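Visitor: Residues per chain are reported as follows:
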Amino acid sequence: MEILMAWRNIWRNPRRTILTVFAIAFACVLLIFMLSLQAGTYEVMIDAAVKTRTGHLQVIAEGYNENRKIRKVVADPDGIAAILDQAPHVTGYTFRANGFALLSSEHRTYGGMITGIDPIRESLVSTVPATIRQGRFLGPGDENAAIVGNLLAKNLKIGIGDELVVLGSARDGSIAASVLRVKGIFSSGMDEYDRAGIQIPLSHFQEIFAMGQAVHEVVAMCDSLWTVSRAKAAIRERLPEFSGKHRLACLSWDELTPGLVQSIQMDLGGGLIFYGILLVMVAFSIMNTFLMAVFERTQEFGTLMAIGANPGRLTKMLVYESGFLTLCGIILGAGIGCLLTLWAQHTGIPMGEAEGMLRQYGIPSLIRPSLSLVTATAGPVLVFLVTMLTAAYPAVRVHRLKPVDAMRAV
Amino acid sequence: MKKHYRRSVIMCIGLICLICLPPALSHAGEPAAENLIARAWDYMRGNTSVSVVHMTVHRTDWERKTTIKAWTKGRDHSIFRIIAPKKDKGNGTLKLKRDMWTYNPKINRVVKIPPSMMSQSWMGSDFSNNDLSKADTILVDYTHDIVAKETDREFTVYVIKSVPRPDAPVIWGMQQLKIRSDGVLMEQAFYDEDMEPVKILTTTDIRDIGGRPFPRQWTMRSMDAESEQDYTLLEYESLTFDTPLRDSLFTLNALRKPAR
Amino acid sequence: MHLHISWRNVWRNPKRTGIILTAIIIGAWTMLVFGGLSRGMMASTLSNALNTLTGHIQVQSPAYRDDPVIENQIDNPAELGKLLDTTLPGDARWAFRIQVGGVASNARNAEGITIVGIDPDREPGLSFYGDSLAQGRHLTPDDGHGIVVGQALVESFETRLGRKLVLMTQDADRETASRAFKIRGIFRADMEATEKQYVFITLDAARKLLGVETAVTGACIKLSRGSSRNPVDLADLDRTVRALSEKLSPGLAVLSWEQLLPLLKGYLAMFDSFMLLWYLVVFLAMAFGLVNTMLMAVLERTREFGLLKALGMKPVWIIRNVLAECVILLAIGLAAGNLLGIGTVLAFGSGIDMSFMAQGSEFFGMGHLVVPFLTARDILAVNAVIMLLGLLVCLYPAVKAGRITPVEAMART
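Protein chains in written order, with our numbering: chain A, 1 to 410; chain B, 1 to 260; chain C, 1 to 413.
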């Protein structure tokens with residue numbers, strides 16, 4: 001009974017209702033879109049970090065992450081590979097080995113970080129192959145070939161085809177030396193890596209750094225960020241089998257790059273303040289509608305009460321009314337918001353001038369929002385709570401009406 | 001060849017005595033600290049020296065032995081070449097004053113060590129490139145004082161505190177040396193500016209090598225190493241002093257040539 | 001006359017008017033506060049960057065930027081100095097520098113750093129060097145072995161004032177050169193990276209270290225308008241860059257901060273457009289309420305408008321009346337909003353300490369102390385957005401009112 005009355009009541013003044021619904025819908029659309037955009041950006045940031053350097057998970061010798069000593073190795077990478085093959089959610093993995101060495105061109109010498117990679121497997125896990133700006137990525141046939149970070153190449157004054165001398169300490173303390181040919185120049189977007197990093201085939205790395213079959217990192221990717229912890233637990237359980245001289249550890253991306261998690265938290269915090277302000281604005285915008293819905297009908301309520309409707313029923317009816325309004329707005333807003341977000345997700349949002357800056361944080365020039373259950377529902381739920389809170393005031397005010405005065409009111 | 005050389009050696013030693021001894025004697029039979037050090041350094045190196053040394057880099061879980069042949073001439077010319085193990089054979093390091101170059105035969109390249117790498121370890125040992133390239137700074141950049149005397153069998157051992165001159169480009173706050181009266185270096189300790197020891201070099205097993213009493217074993221330990229078991233040990237296999245060496249041996253060209 | 005009527009109309013329903021006024025006030029207030037805070041953050045980021053040795057303009061050898069080594073030096077600085085003195089506006093400041101990469105070491109540590117040789121008389125006021133000293137004292141021109149380093153470097157080297165630091169670099173003959181320095185002063189910077197990166201020695205000491213006679217690697221120029229609020233006067237900058245480029249020998253490059261820090265420029269531009277976007281979003285949220293309120297106000301007066309129409313009033317007059325009501329609402333809201341907003345910004349005039357999220361603000365290259373402020377342009381922009389767009393959306397209820405016909409009006413109860 002109240003429901004029907006409420007529904008009819010809100011359409012007594014369709015213009016006002018529609019405007020209010022729009023206001024609510026607008027807030028929903030904005031929240032869904034912005035939250036999805038933030039989520040999308042974070043995913044890209046995490047993705048960039050994960051895909052250029054850390055992977056979702058790494059199996060390394062305990063302590064290697066803090067102190068990258070060449071002797072802290074994973075001695076039996078094939079054994080780890082067997083674990084990873086059976087571990088849930090792991091979609092791919094590769095082996096890497098790292099060494100610090102002198103990198104010397106005809107003109108300059110700098111210290112740098114050499115990573116030995118498996119040219120075929122690396123592209124399953126890393127985006128570095130896709131960031132080659134000049135030349136090409138390493139191939140299976142390459143021996144003493146290297147790809148070089150663009151800033152390092154600039155500092156060393158070398159280009160494609162030039163020679164690069166590597167001189168360092170091998171795992172057994174002998175001297176590691178090689179002359180490499182530059183095959184490609186990459187620009188991962190992470191300045192630190194582009195300034196000091198070179199990649200060479202893993203087999204060649206193992207040869208010059210006397211690594212034998214050992215590697216430093218087994219880098220694995222999972223099917224999504226959310227399954228990483230499950231995969232990690234499964235891998236950790238089986239690691240002791242393979243811990244030889246160095247105990248092995250399995251770390252996830254957030255443990256490997258704690259700074260990333262912090263910067264995301266800060267951005268999210270800033271975003272929440274904006275959303276709070278926005279919600280307050282919307283609340284005030286629609287409060288008038290709700291208030292007017294009571295005051296312009298004072299006479300009507302008075303009559304209803306005079307013929308026996310108790311204030312509780314009126315409140316109930318008013319709550320239904322605002323509930324309907326809010327629901328209409330939310331459904332409309334959620335619909336438009338989701339569609340808009342999906343469309344933007346499909347086409348991507350160009351970042352224009354800010355591209356260079358974003359690239360520093362590993363964000364590509366096209367940002368895609370990412371719609372998920374959380375980003376699609378968090379906004380509307382918030383809007384619902386805020387509007388219902390706003391509507392509560394006039395609904396309670398009805399209680400104070402006295403039939404006689406009310407009927408007299410204009 | 002040797003004979004014709006001996007004359008100049010005698011002349012040199014004579015000269016050194018002339019220069020060093022008189023002031024040493026004038027202080028009531030007490031040698032001056034700087035003369036003790038200068039003499040010890042020359043004693044260690046002679047005019048020239050040719051040596052074969054086994055270097056053991058020891059870590060708790062790991063050890064590596066390398067054999068190095070070294071030639072030195074005067075105070076700032078030296079060249080080192082690895083002769084064993086086979087894998088590293090022919091790798092060389094040339095040091096001229098403060099600059100260092102390294103050569104690798106496998107790739108046949110000479111690379112100059114940039115300033116940024118000078119504090120890195122030399123061939124994985126507890127010696128840094130700087131330790132090698134700045135080995136002589138004690139002679140020019142420090143002032144010395146004898147702070148104590150100890151007796152080691154029939155020898156007096158002078159404990160010398162060497163403090164860097166105010167503007168000398170050295171990183172240490174102080175070095176403490178123990179030098180035997182005959183010129184043998186017993187210990188060299190490196191202190192930071194808070195007078196905490198950072199690295200200590202000790203010598204042991206003094207025997208007759210190269211015609212003079214000489215410590216066969218030299219051990220360098222870092223005080224901030226991961227374990228007390230970490231050290232680098234140099235053991236002399238052979239050592240000859242004052243063989244005539246041509247200046248051309250200490251050039252980049254010579255560095256590139258295969259080991260003798 | 002209309003205004004008087006409109007004024008009365010506005011207050012016919014004080015509660016309704018009160019609520020919409022609150023919405024407008026909150027809107028204007030948040031726009032201004034957010035705008036002030038953003039301005040403060042942008043200015044902090046920019047002046048931080050300019051203060052960290054960039055300055056407004058740099059003159060250097062064209063090859064130096066890609067390859068900052070002593071070989072890419074300015075050979076005849078005296079001539080350049082004379083030119084700068086005559087060309088630059090009177091209130092501009094400039095100084096020579098030698099800036100090269102090197103290694104600092106002591107018994108405990110060795111790390112790559114940037115050696116900055118400065119003119120102790122001229123450098124203060126040009127970069128953070130002058131006003132960031134936390135301990136000790138500044139360099140004097142004849143101090144051949146003094147060095148001023150950052151707090152973070154002091155910590156990682158386990159050292160303190162009066163202690164020694166050996167600098168090593170490659171000299172002009174490509175040979176390894178080193179020289180000892182004593183820590184005379186310790187500076188604090190907003191960013192730890194800055195504290196670890198830069199060490200200051202005198203120009204003469206740097207020349208001796210590098211084995212050069214008179215050379216410098218560049219001149220850094222700061223124009224006068226470098227206040228904390230508005231670190232750059234763009235017109236001034238352009239004029240000076242052009243004047244310098246014309247007069248300088250072709251062997252030298254004149255670079256403005258925008259060329260030296262292109263990423264920062266992009267970041268600030270993004271921030272600017274983000275602010276405008278924020279204004280629009282807040283306005284939209286407010287607009288729904290505004291239109292709704294005006295619509296209600298108009299519709300409940302349908303009979304009145306119908307009557308007026310029947311009495312021969314032109315629709316334009318009615319529209320004008322309704323719009324006048326809008327203007328009154330907006331004007332009152334804006335007045336209060338401005339007062340509140342500007343008041344809030346002024347209340348935080350001593351700055352907001354952002355150090356509680358130090359790591360985060362460092363990530364964005366921002367100082368720890370953000371002083372929110374508003375420019376006349378910002379205040380104008382906020383008021384214009386609300387007033388003009390507010391009038392625009394109010395056109396809808398106004399036109400609606402203008403269209404009411406007497407018949408229609410009478411038909412309604």
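Honestly, the hints are just simulated from the structure, not real lab data. These numbers come from a predicted model, not from an experiment. Check the hints yourself; a few may be wrong.
[Stated by the list, open to error] Here are the simulated DSSO-like cross-link-like pairs (lysine-lysine), alpha carbons at most 27 Å apart as the crow flies:
hint, chain 1, residue 1, chain 2, residue 2
1, A, K72, B, K86
2, C, K182, C, K208
3, B, K149, B, K86
4, C, K182, A, K154
5, A, K69, B, K149
[Said to hold, decoys possible] Rough simulated footprint, nothing fancy, chain B against chain A, three-plus residues with beta-carbon under 8 Å:
hint, stretch
6, 32-46
7, 156-170
8, 218-228
Backbone N, C-alpha and C define an ideal beta-carbon position, used for all residues, glycine too.
Visitor: Now tell me, hint by hint, if it's right for this structure.
Guide: How the hints compare with the structure:
1. At roughly 25 Å between alpha-carbon atoms, A:K72 and B:K86 fall within 27 Å of each other, so this suggested pair holds.
2. Between C:K182 and C:K208 the alpha-carbon distance is near 16 Å, which keeps this suggested pair within the 27 Å criterion.
3. Only pairs whose Cα atoms come within 27 Å are accepted, and B:K149 paired with B:K86 is rejected, the gap being roughly 45 Å.
4. At roughly 34 Å between alpha-carbon atoms, C:K182 and A:K154 are farther apart than 27 Å, so this suggested pair is violated.
5. About 43 Å separates the Cα atoms of A:K69 and B:K149, which puts this hinted pair outside 27 Å; it is violated.
6. Using a Cβ-Cβ cut-off of 8 Å, 0 residues of the stretch 32-46 of chain A lie near chain B, which falls short of the minimum of three, so the contact claim is violated.
7. With a cut-off of 8 Å between beta carbons, the stretch 156-170 of chain A has 3 residues touching chain B; three or more are needed, and the interface restraint holds.
8. Check on the stretch 218-228 of chain A: 0 of its residues sit with their Cβ under 8 Å from a Cβ of chain B, so the three-residue criterion for coverage is violated.
Hints 3, 4, 5, 6 and 8, counting from the list given before, are not met by this structure.
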